[in-house]
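A.B. asks: Residue numbers (numbering that gives the first Met the number 0), protein chains in the order written: chain Y, 0 to 157; chain B, 0 to 176.
Calculated from the structure, these hints are not laboratory results.
Predicted model only: the values in this text are computed from it and were never measured.
Incorrect hints may have been included.
[As the list claims (entries may be wrong)] Distance condition first, Cα-Cα at most 35 Å in a straight line; then the derived DSBU-like pairs of lysine-lysine:
no.: 1; chain 1: Y; residue 1: K77; chain 2: B; residue 2: K76
no.: 2; chain 1: Y; residue 1: K98; chain 2: B; residue 2: K76
no.: 3; chain 1: Y; residue 1: K98; chain 2: Y; residue 2: K53
no.: 4; chain 1: Y; residue 1: K98; chain 2: B; residue 2: K34
no.: 5; chain 1: B; residue 1: K124; chain 2: Y; residue 2: K79
no.: 6; chain 1: B; residue 1: K160; chain 2: Y; residue 2: K111
no.: 7; chain 1: B; residue 1: K160; chain 2: Y; residue 2: K126
no.: 8; chain 1: B; residue 1: K92; chain 2: Y; residue 2: K19
no.: 9; chain 1: B; residue 1: K124; chain 2: Y; residue 2: K60
no.: 10; chain 1: B; residue 1: K124; chain 2: B; residue 2: K76
no.: 11; chain 1: B; residue 1: K76; chain 2: Y; residue 2: K29
no.: 12; chain 1: B; residue 1: K34; chain 2: B; residue 2: K75
no.: 13; chain 1: B; residue 1: K75; chain 2: Y; residue 2: K79
no.: 14; chain 1: B; residue 1: K160; chain 2: Y; residue 2: K29
no.: 15; chain 1: B; residue 1: K76; chain 2: B; residue 2: K92
no.: 16; chain 1: B; residue 1: K75; chain 2: Y; residue 2: K29
no.: 17; chain 1: B; residue 1: K76; chain 2: Y; residue 2: K79
no.: 18; chain 1: B; residue 1: K160; chain 2: Y; residue 2: K53
no.: 19; chain 1: Y; residue 1: K61; chain 2: Y; residue 2: K123
no.: 20; chain 1: Y; residue 1: K77; chain 2: B; residue 2: K160
no.: 21; chain 1: Y; residue 1: K53; chain 2: Y; residue 2: K126
no.: 22; chain 1: Y; residue 1: K77; chain 2: B; residue 2: K117
no.: 23; chain 1: Y; residue 1: K61; chain 2: B; residue 2: K124
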Amino acid sequence: MWFFYRPDAASALEDPGVLKALPRYVDIVKNRKLAKFKIARMIGIEEIPTENLKELWEIHKKAMDEYQRLERLLDYGKIKPSELPNFSLLHLKSAIADKLLESCILCEHRCKKDRSRGNLGYCKVGKEMFVSSYFDHVGEEPEIVPSFTVCGRVDRPN
Amino acid sequence: MIDDARRRGCRNQNWVGGDPIPHIPFWLRVLLYEKENMPVFFNTNGYYTIEAAELLRGVVDIYKIDFKYGNDECAKKISDAPRYMEVITRNLKLAKQYGELLIRVLVLPNHLDCCLAKILEFIAKELSPDTRVNLMDQYTPHWRARELPEINRRLTALEWKRALEMVREFNLTNVIT
Ligand code: SF4
Chain Y
0 MWFFYRPDAA SALEDPGVLK ALPRYVDIVK NRKLAKFKIA RMIGIEEIPT ENLKELWEIH
60 KKAMDEYQRL ERLLDYGKIK PSELPNFSLL HLKSAIADKL LESCILCEHR CKKDRSRGNL
120 GYCKVGKEMF VSSYFDHVGE EPEIVPSFTV CGRVDRPN
Chain B
0 MIDDARRRGC RNQNWVGGDP IPHIPFWLRV LLYEKENMPV FFNTNGYYTI EAAELLRGVV
60 DIYKIDFKYG NDECAKKISD APRYMEVITR NLKLAKQYGE LLIRVLVLPN HLDCCLAKIL
120 EFIAKELSPD TRVNLMDQYT PHWRARELPE INRRLTALEW KRALEMVREF NLTNVIT
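Extracted from the complex, chain Y is given alone in its bound form:
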């Protein structure tokens, strides 16, 4: 593991151009607001009895309406973060994403390969995503470093 720290990174957060483009990001870094996934994790969903993708998307749509409401309330400090439910919007997203792997349409090649069985798509990615290396990455924009970067390796057929 390498750890890089660029001394100009902290001051870059005061850069007017960054503040203008990423005000919410700055608030998350300063712990004044919650990262979006943390909010998605707070939205409870009754355990889903369905395997049907269309129904899952319908539940997702309703939960996203709730998400938007909750993000606004939290951002303006109108409510406090709530207890975490067992099954949340974030879990639902993960379940849908796993289901999509059976006929992958994540990118616009829409090649519909069944990656859940290890078939490789047009992108040469199959089932497993190995975290082959990870490091703290120094990128080209000072405002986003130091950032934690995870590099994936694509599946190779045996």
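Position chain B with the ligand against the provided structure of chain Y, taking the given hints into account.
C.D. replies: This is chain B with the ligand only, laid out in the frame that chain Y set:
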């Protein structure tokens, strides 16, 4: 692992490693275990579907999107990305609406009028002149470029100068180079 990174002072989770689009299912699983309040950063070529965009909505805090081509023909020829313009412009608009947006524009040699001008025009007119844009002159030919002589060289100083002029012509106010 990611929690450790935050404790050491890292500011965000940066999803890279080829394009992260095919790995969205993996990353959503990782986030289920994440406890720290760490912004999620999605660094992508922007060629994802509306379904993927829905999954990312309410998860990704910052979208950093490469905007590379200004017309379908160049996108198809160089990156084999059919319907590029429709897809990238939709996703840029959605990213702006769903989170915070940074755009990276790598200027390609010989593609200033057909691509760069169209890219900058879209940003200025359809997004906003104060969109944060990282304009880059660091293009180096990669393996496929050998089949495409037009991009089989670096950018010239003259082209870079012209690129900077275009930024001024479209009145973009938040460009870093
Ligand atoms: S190319 Fe990859 S990400 Fe795109 S649809 Fe096919 S398997 Fe999915």
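A.B. asks: Hinted pair, alpha-carbon criterion (35 Å max): K77(Y), K117(B). Please report holds or violated.
C.D. replies: With Cα atoms ~43 Å apart, K77(Y) and K117(B) exceed 35 Å; violated.
A.B. asks: Starting from K77(Y), check that the Cα of K76(B) is at most 35 Å away, please.
C.D. replies: 51 Å, violated
A.B. asks: Has the given pair, K53(Y) with K126(Y), been kept, meaning a C-alpha gap of at most 35 Å?
C.D. replies: 23 Å, holds
A.B. asks: For the pair supplied as a hint, K124(B) and K79(Y), confirm whether the alpha-carbon distance does not exceed 35 Å.
C.D. replies: Judged against 35 Å, a Cα distance of about 39 Å means the pair is violated.
A.B. asks: Does K98(Y) pair with K76(B) here, judged by a C-alpha cut-off of 35 Å?
C.D. replies: Measuring from Cα to Cα gives roughly 32 Å; hence the hint holds.
A.B. asks: Against the 35 Å threshold, does the CA-CA distance of K77(Y) and K160(B) hold or violate the hint?
C.D. replies: 50 Å, violated
A.B. asks: Would you mind confirming whether the straight-line C-alpha gap from K160(B) to K53(Y) stays at or under 35 Å?
C.D. replies: 51 Å, violated
A.B. asks: Under the criterion that the straight-line Cα-Cα distance not exceed 35 Å, is the pair K75(B), K29(Y) satisfied?
C.D. replies: 42 Å, violated
A.B. asks: Would the hint linking K92(B) and K19(Y) be met if the CA-CA limit is 35 Å?
C.D. replies: Holds. K92(B) to K19(Y) sits at ~17 Å (cutoff 35 Å).
A.B. asks: Assess, step by step, whether the Cα of K124(B) is no farther than 35 Å from the Cα of K60(Y), and give holds or violated.
C.D. replies: Holds, at roughly 30 Å.
A.B. asks: Starting from K61(Y), check that the Cα of K123(Y) is at most 35 Å away, please.
C.D. replies: 34 Å, holds
A.B. asks: Given the hint that K160(B) pairs with K29(Y), does the C-alpha gap stay at or below 35 Å?
C.D. replies: Given pair K160(B), K29(Y) is violated - Cα atoms ~38 Å apart, limit 35 Å.
Hints 1, 5, 6, 7, 11, 12, 13, 14, 16, 17, 18, 20 and 22 from the earlier list are contradicted by this structure; the remaining hints agree with it.
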